[in-house]
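Protein sequences appear in the order of chains E and F. Under numbering that gives the first Met the number 0, the residue at position 78 of the first sequence is numbered 77, and the numbers go up by one with no gaps. Under numbering that gives the first Met the number 0, the residue at position 250 of the second sequence is numbered 249, and the numbers go up by one with no gaps.
Just so you know, these hints were derived from the structure itself, not from any lab. For clarity, every value in this text was computed on a predicted model and none was experimentally measured. Each hint should be verified, as a subset may be incorrect.
Here are the computed lysine-lysine pairs in the DSS-like style, where the Cα-Cα straight-line distance is at most 30 Å [claimed, not checked]: (1) F:K172 <-> E:K129; (2) F:K172 <-> E:K127; (3) E:K19 <-> E:K360.
Sample of chain E residues with no beta-carbon within 12 Å of chain F, all distances over it, derived [stated by the list, open to error]: (4) V79; (5) T225; (6) A266; (7) V334.
For glycine and all other residues, C-beta sits at the position ideal for the given N, C-alpha and C.
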Amino acid sequence: MAQVLLKDLNKKYDEVHAVKDVNLHIRDKEFIVLVGPSGCGKSTTLRMVAGLEEITAGEIAIGDRVVNDLPPKDRDIAMVFQNYALYPHMTVYDNMAFGLKMRKFPKPEIQKRVKDAAEILGIQDLLKRKPRQLSGGQRQRVAVGRAIVRHPQVFLFDEPLSNLDAKLRVQMRVELKRLHDRLETTAIYVTHDQVEAMTLGDRVVVMKDGWIQQVGEPLELYGKPTNRFVAGFIGSPSMNFAEVTITEANGALTAESSGFRVLVPPARAGNLKAHKGQRVTLGIRPEDLHIATGADPAGYTFDTVVDVVEPLGSEILLDVKSGSNSLVARVEPTVRVKVHEGIRLGLNPDRLHFFDMTTEKAI
Amino acid sequence: MVIEKPWKRWVYFYVPLTVFLIGTLFPFYWMLITAIRPDAELYRSWRAVNNAPFWTLHPTLEHFRDLFEKTTFPHWLWNTFFIAVVSTGISLFCGLLAGYALARLKFPMAGALGTSIFVTYLVPPTLLFIPLADIIRNFQLGNTPWALILTYPTFLIPFCTWLLMGYFKTIPKELEECARIDGATRFGAMVRIIFPIAVPGILSAGIFAFTLSWNEFIYALVFLSSPERKTVPVGVVSEMIRGDIYFWGQLMAGALLGSIPVALVYSFFVEYYVTGLTGSVKG
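Taking the hints into account, I'd like the entire structure generated from these sequences.
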């Protein structure tokens, strides 16, 4: 059990600056998820914590030890890889026991720990098999088992579920979460899948181009993204963006786009006043759009034309056009609309997001 | 499966296969039949009435007896074996370490070094033996097995290095990284994880190296002179042809015995050998 501290962490390859000034305090027993598109530096950061990549500048501390110059084996960590990295010439038992043998644990202790881990993961019957005789899900369990037998201070996961099919991925996701609650070990988890990030993480770190964009609890990221990238990255289907011009009419601010004009909620007017006459990006999540009814306050509805209807069963996604803007609305499954039909949408004034056009920061 | 017309199978499959088989195997058959044919039949005129060049009715082991009693053939066999095993061992050892380093370690000029190692393999032995002969003389190794044991690696090491480098590259590097996190040093991970997985590659490099040194001719011809120091390929050719007289029976008997070990080695390891060359490891 330990906290992990990343201080001004940098990684430069010959020409690429992969990780830039990353500062992160991962608390003891915390499950933290690094998420971002490929090439954002999340895996590199993880590999630096593991000791598999040299640190160009900065400092990594696990517990109260600075580990910059420690080889991977002395960092007291365990890692689960995307391709499982099971040793193909060893049985499942030997795979799980390898780390303990390397650390010269007595044999009875090794047996006990492997047995316990196998029980937790439900793989007691597979101990004598070779990795090639296992299914993807079983391999994944063995890889996790190999990590937990060691009782390390920190677990590192590098996209561990990416090679599984969709159904198994959901199942393993739940199991990993349960496992973390049970073992209470600090975990750093890298993924490009924002659903995994949101469901697993106590806190989520969104990265892009080597920079940390935002660190926060899942719902905080979702509800209060600090910039346009985080807003668009978290959430599926992703947030709608529209370029709008802020204008003032009759003492009220409005956001005007090519196809619609909505009022700026009074609560947001304070911040947006400074942007009067400027273009900003308006962000609306699909679930904050709905088919307008008489109950909708005036000024928060606008006309659209349905472009595509995607019935998902539990909900319907409507791809609509409003002027030059394409928006997605998530509506009740009972709604019946046809393609090319004109509908009036209402939006939730409390959940609008505004972003500066140049800095992309939230206003 | 689609059922083809029988004649198509014959034309496109059986006939070409038969031609190929005959072309490949006939020299071996000829070697065998010559080795067991009595001298009287061997030196009979081609136009004699009872000439039957493709078979014999009086097989004999006389040539084999002569080979062992009248020549130093057993010495040649032992020399060839000893030299092939030791030089293969040296080359495999160096090739393993070099191949691993080139495949895994990031160091400046790694690519250039890899290429230059390969280029040395391209220098033909028919040129290289001239400077090597000078070196052998300076170190006074002429006419000893060490002359060959130390010169064979000049072509075996590049060969092994390249074959093994290719094989190591097919092994996911996560296996090693995982071992290093699990508590092994880099060297430990190499020995405990990578080498056992690379066994097919190591075996095929070993078989190839062994065969190359077993069959090697030019260095053996140049660097060894006394009859009992020779290797099989050189001994058979230099001692069984005296002046312009060819002792065909013994010559072929020697060639036959000389090719059996190689054939055995190949047939035992053929599966490893194929996976070694096609190389595929799954994590």
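Hints versus structure:
Pair hint K172 of chain F plus K129 of chain E holds up; C-alpha atoms about 19 Å apart against a cutoff of 30 Å. Between the alpha carbons of K172 of chain F and K127 of chain E the distance comes to roughly 25 Å, so the proposed pair stays at or under 30 Å and holds. A threshold of 30 Å between alpha carbons decides the hint, and for K19 of chain E with K360 of chain E the separation of about 19 Å falls inside it, so the pair holds. A beta-carbon of chain F comes within 12 Å of the beta-carbon of V79 of chain E; the shortest separation is about 9 Å.
With a minimum CB-CB distance of about 34 Å to chain F, T225 of chain E clears the 12 Å threshold, and the non-interface call stands. Distance check for A266 of chain E against chain F: the nearest CB is about 50 Å away, which clears 12 Å, and the non-interface claim stands. With a minimum CB-CB distance of about 48 Å to chain F, V334 of chain E clears the 12 Å threshold, and the non-interface call stands.
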